[in-house]
Amino acid sequence: GQQVMQIPQYQHVQEGEDFTTYCNSSTTLSNIQWYKQRPGGHPVFLIQLVKSGEVKKQKRLTFQFGEAKKNSSLHITATQTTDVGTYFCAGQNAGGTSYGKLTFGQGTILTVHP
Amino acid sequence: ETGVTQSPTHLIKTRGQQVTLRCSSQSGHNTVSWYQQALGQGPQFIFQYYREEENGRGNFPPRFSGLQFPNYSSELNVNALELDDSALYLCASSLDSGVGRAQYFGPGTRLLVL
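In order, the protein sequences belong to chains A and B. Following this note's numbering, the numbering of the first sequence begins with 1 at its first residue and continues without gaps. Following this note's numbering, the numbering of the second sequence begins with 1 at its first residue and continues without gaps.
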C-alpha cells in the first residue's frame, strides 16, 4: 500500500534559524496536504498542493510539491517559539478503493529554543 | 477552532470490552473520517463516512465499525478491545468526500485499554 515517509523525525533549532521537513511518497499523489499539531492538540490544516512543481507561501512558511508529485517540503524561515509542534504531510490518491483516504507521514517534531 | 466536537475526551476500558466514540461534524460538512493516532505517530486512516455510507476503509479489522447519522454526526465502535487499541482517536469532517478536501479535526478521544 501507499507509504508516506517524512524526515527528519526531530529538529531542534534556535529561534531565528530556518527549518525544513521533507516528505516522500511511494506512489504518485493527486494532492498533498500539510498539517500542524501543537503538543496535546489535534492536527490543524495548513495548506494543500495539487499541481506538479507547485510552490505556495504563507508568511514565513514555504510549501513545495515535487515535479513527479511524489515528494514535498515545508520550509520555515526565521523560526519563532510559536512554530513549535509536529508537522505532518498527508498524501491522497484519486480513485480506487483508497478514494478519500489520506495517508499521513510520521511527522517532524520541531522544538524552538528561545 | 474547527467546530468539530468529540466525546468523551478520555476513556479507560479493559481488554475485551467494547467502546463507542462520538463525533459531531462542522456545520455544512457531510463527510466524516476517523483516524487512530498512536503516541509519536501520524494519524492512521480508519474509515470515512459520506451520506451515511462507508466510503473507504484503511487497514483496520472488522471489529472497528462506524455509523453516520442523517445530521452527519458519526460514531466509531470498537469491539473486543486490545491493548494496542490504546491511542488518540480523531474524527475529521470535510465539505464532502471529494479528493483534495481539507480535513478539520476534532480534539480527539484518548482511549486507554488496560
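In case anyone wonders, no lab produced these hints; they're calculated from the structure. Do not rely on the hints blindly, as some may be mistaken.
Claimed, not checked - For the chain B half of the interface with chain A, some residues (derived, Cβ under 8 Å), not all of them:
#1 G56
#2 A80
#3 G108
As the list claims (entries may be wrong) - The following label-pair restraints were derived from C-beta to C-beta distances:
#4 Q3(A) / L114(B): 28 to 36 Å
#5 L11(B) / G53(A): 28 to 36 Å
#6 K57(A) / L112(B): 38 to 46 Å
#7 N71(B) / Q2(A): 14 to 22 Å
Here a beta-carbon is modelled for each residue, glycine too, at the ideal position from N, C-alpha and C.
Hint by hint, here is what the structure shows:
1. A hinted interface residue such as G56(B) counts as satisfied when its beta carbon comes closer than 8 Å to some beta carbon of chain A; here the least separation is about 5 Å, so the hint holds.
2. Taken as an interface hint, A80(B) does not check out: its beta carbon lies about 24 Å from the nearest beta carbon of chain A, beyond 8 Å.
3. Using the Cβ-Cβ criterion of 8 Å, the hint placing G108(B) at the interface with chain A is satisfied: the shortest such distance is roughly 5 Å.
4. Remark: the range hint 28 to 36 Å for Q3(A) to L114(B) is upheld by a beta-carbon distance near 32 Å.
5. Remark: the range hint 28 to 36 Å for L11(B) to G53(A) is contradicted by a beta-carbon distance near 45 Å.
6. Range check, K57(A) to L112(B): about 41 Å between beta-carbon atoms, so the 38 to 46 Å window is met.
7. Checked against the given bound of 14 to 22 Å, the beta carbons of N71(B) and Q2(A), roughly 32 Å apart, lie outside it.
The structure shown violates the earlier hints numbered 2, 5 and 7.
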